[in-house]
Amino acid sequence: MKALLICEYREGKLLDSSFELFGFAAQLGGETALLLVGAEAQLPAYGGPLYLADAAECGEYNPDLHKQLILQAVAKENPDYIVFVHSSYGWDLAPRVAARLKAAQVSEVIGLTDGGFEVGCCNAKMRRTVKPTTAQAVLTIQAGAFPAQQPGGTPQIQRLVAEGGNGMEFVGYEPAEAKDVDLTRAEVIVSAGRGVGKKENVPVIAALARALGGELGASRPVVDAGWVEHSHQVGTTGQTVSPKLYVACGISGAIQHLAGMKKADFIVAINKDKDAPIGEIADVLVVADVLQFVPALTAKVAR
Amino acid sequence: MKILICVKQVPDMESRFKPDNAGVWFSDTDLAFRMNEYDEYAVEQAVQLREQLGDAADLTVLSIGPDRIVEALKKALAMGCDRAVHIQDPAAALKDPWQIAAIIAAFAKDKGFDLIFTGLQSQDRGSAQVGVTVAERLGFACTTTLVGFAFADGVITAKRELEGGVKGVVKLRTPALVTCQLGLNVPRYPTLPNIMKSKKKELVTIPVADLLHEEALAVTARFYPPAKKGGGIVLEGDVGDMAEKLIAILKEKTNVLR
Ligand SMILES: Cc1cc2nc3c(=O)[nH]c(=O)nc-3n(C[C@H](O)[C@H](O)[C@H](O)COP(=O)(O)OP(=O)(O)OC[C@H]3O[C@@H](n4cnc5c(N)ncnc54)[C@H](O)[C@@H]3O)c2cc1C
Ligand SMILES: Nc1ncnc2c1ncn2[C@@H]1O[C@H](COP(=O)(O)O)[C@@H](O)[C@H]1O
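Residue numbers (my numbering), protein chains in the order written: chain C, 14 to 316; chain W, 152 to 409.
These are computed hints drawn from the structure, not numbers from a lab. If you're wondering where the values come from, they're calculated on a predicted model, not measured in any experiment. The beta-carbon is built from N, C-alpha and C at its ideal position, and this holds for glycine as well. Hints are supplied without guarantee of correctness; some may be wrong.
[As the list claims (entries may be wrong)] With a Cα cut of at most 30 Å, we get these calculated DSS-like pairs of lysine-lysine: (1) C:313 with W:352; (2) W:260 with C:257; (3) W:379 with C:275; (4) W:153 with W:169.
[As the list claims (entries may be wrong)] Which bits of chain W does chain C cover? Going by a derived footprint, with three or more residues having C-beta under 8 Å, they are: (5) 154–166; (6) 305–312.
[Stated by the list, open to error] Reference excerpt, derived from the structure (chain C facing chain W, CB under 8 Å, subset only): (7) 36; (8) 40; (9) 116; (10) 255; (11) 257; (12) 258; (13) 286; (14) 288; (15) 301.
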């Protein structure tokens, strides 16, 4: 068994998420090879074959060119699996490689089970076991699902070059919006999710945050709808927080939200759905309507 | 400019999911269905582009699935699409993303579409594969995860969302396919007059067998709920009692309440 692991590189840096590929490969067992479109100055300590292309020449985001580079490495290594992180780089590139190889793709793998791959579905409420029927398969692994590992060693570098692309031009990066609230320092965060219903109800959640001496947080739909400023968003595309207490009000517990708050010391979830996935990580799940429960709690806390 | 928008109908995610008889997907009974959230952004962006281009744009919305998905197509028509294509397939849920993409590409081939919009992912299966695979099969330029879209002089300027809120700006020429991320725009609610108007719009039905010539590359062996981790306390019942209990727990287990 052999896996070709595709590392990620952005804004001049090897991304830490790449090390989760090693954690996954360790569970899979067998040989590995690595591919990175990056820079020689930043290679992981890894004692195997490493296919390297220069990001200064190939671009950090040029999926058609990166696809060709990966296909070259696949032709040399003939791996059973080609593994990406399920990220804006991985989910953009993996289907292109899979289509060219006519290989099955399994997206957002969270574990290995009964000869297949475990993936989440239905907004993380359910699971599926998926089995490729092709000899080669492309996988993307869920960020955070496998432990980061530092394999150690010195890579045997093999350089790759490719030309072309199909007329797509990468213009540049735009930095994340400035954060006027620093949630990372807050000891208590009370977050509003879509379950609060409408913008007019957000003050009910903010009042509990105040009564507990904390800050207001929010899930993404609440921010997208303009109910709460982006600077309050918790999750992969917002802030990563680790307060002493996190209270999730009407939040289902999608993986991208959990990624931003699961390190909180104590998690309380208020949700009318007893099966909401947030219940899996909550220390206390209050099964209730937020608009009834939160004011009652605020009144008692304030007393 | 010919534009295709691919939409999927998915269950309301607040539903309780029960495995079907084969244990490989959810049973449809007792579920309420709606348009995949990501695809609402795709429809809205196409409609906004038509508002920009006027009659020079023609919007076809396509969905693969059983008869109930006509509701999702009707919603897209009421939002402003011109015509709808229902690719009739009672067993669509058992097809893998490769087959779904093959069906869409077979339909789109030779029809001269300049631009295709899809969602980033479906909420029920969430593979984030179909859009990119369609582009690859058609040889279209493609970028994903759009939170910004502009079109001028045949060039699309797309803003892609990356991790941590950083964005990447990309320019691409048509023919192209883009996949839409949450927050790309504010999807409109169909108004009553537009719902009435949409009833006169064309809705074509095509049996899936006419378009599908590919075997699945992956199979679902099992569909099941996650193992309960346990450990967590679940409070149910009277609101006042639960609030008292929660305060007692917070006093015992955390030092944020004294
Ligand atoms: C690439 C990417 C990045 C993302 N980044 C982020 C991110 O940074 N942060 C983020 O939050 N999301 C992010 N998302 C979106 C994420 O996948 C979910 O869509 C989102 O977190 C859902 O927010 P929610 O829980 O508020 O809404 P929903 O999933 O709609 O859940 C609402 C919940 O409220 C409950 N509810 C409804 N009414 C009531 C009531 N009256 N009382 C009590 N409970 C009620 C429901 O049971 C449900 O569980 C990202 C998605 C992608 C694809
Ligand atoms: N059955 C379907 N009918 C039409 N479009 C679909 C279907 N399934 C997926 N798509 C499109 O492909 C996107 C990605 O889906 P997925 O690869 O399943 O996550 C969706 O947002 C839709 O735009």
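Hints versus structure:
The suggested pairing of residue 313 of chain C with residue 352 of chain W is violated, with an alpha-carbon distance near 56 Å, which exceeds 30 Å. Pair hint residue 260 of chain W plus residue 257 of chain C does not hold up; C-alpha atoms about 55 Å apart against a cutoff of 30 Å. Only pairs whose Cα atoms come within 30 Å are accepted, and residue 379 of chain W paired with residue 275 of chain C is accepted, the gap being roughly 17 Å. Taking the CA atoms of residue 153 of chain W and residue 169 of chain W, the gap is near 40 Å; set against the 30 Å cutoff, the hint is violated.
Under a criterion of three residues with beta carbons nearer than 8 Å to beta carbons of chain C, the stated coverage of the stretch 154–166 of chain W is upheld, 3 such residues being counted. For the stretch 305–312 of chain W, the proposed coverage by chain C is satisfied: 4 residues have a C-beta within less than 8 Å of a C-beta in that chain, meeting the threshold of three. Hint status for residue 36 of chain C: violated, given a least beta-carbon distance of 18 Å to chain W, over 8 Å. With a least beta-carbon distance of about 17 Å to chain W, the hint placing residue 40 of chain C at the interface is violated under the 8 Å criterion.
The beta carbon of residue 116 of chain C comes within 7 Å of a beta carbon in chain W, closer than 8 Å, and the hint placing it at the interface holds. Evaluation of the residue 255 of chain C hint against chain W yields a violated restraint, the C-beta minimum of about 14 Å exceeding 8 Å. For residue 257 of chain C, the shortest C-beta to C-beta distance to chain W is roughly 5 Å, which falls under 8 Å, so the interface hint holds. The criterion of a C-beta within 8 Å of any C-beta in chain W is met by residue 258 of chain C, whose closest approach is roughly 5 Å, and the hint holds.
This hint holds: residue 286 of chain C has a C-beta 6 Å from the nearest C-beta of chain W, less than the 8 Å allowed. For the restraint placing residue 288 of chain C at the interface with chain W, the shortest Cβ-Cβ distance is roughly 6 Å, inside the 8 Å limit, so the hint holds. Interface hint status for residue 301 of chain C: upheld, as the beta-carbon distance to the closest one in chain W is roughly 6 Å, under 8 Å.
Hint violations for this structure: numbers 1, 2, 4, 7, 8, 10, all remaining hints satisfied.
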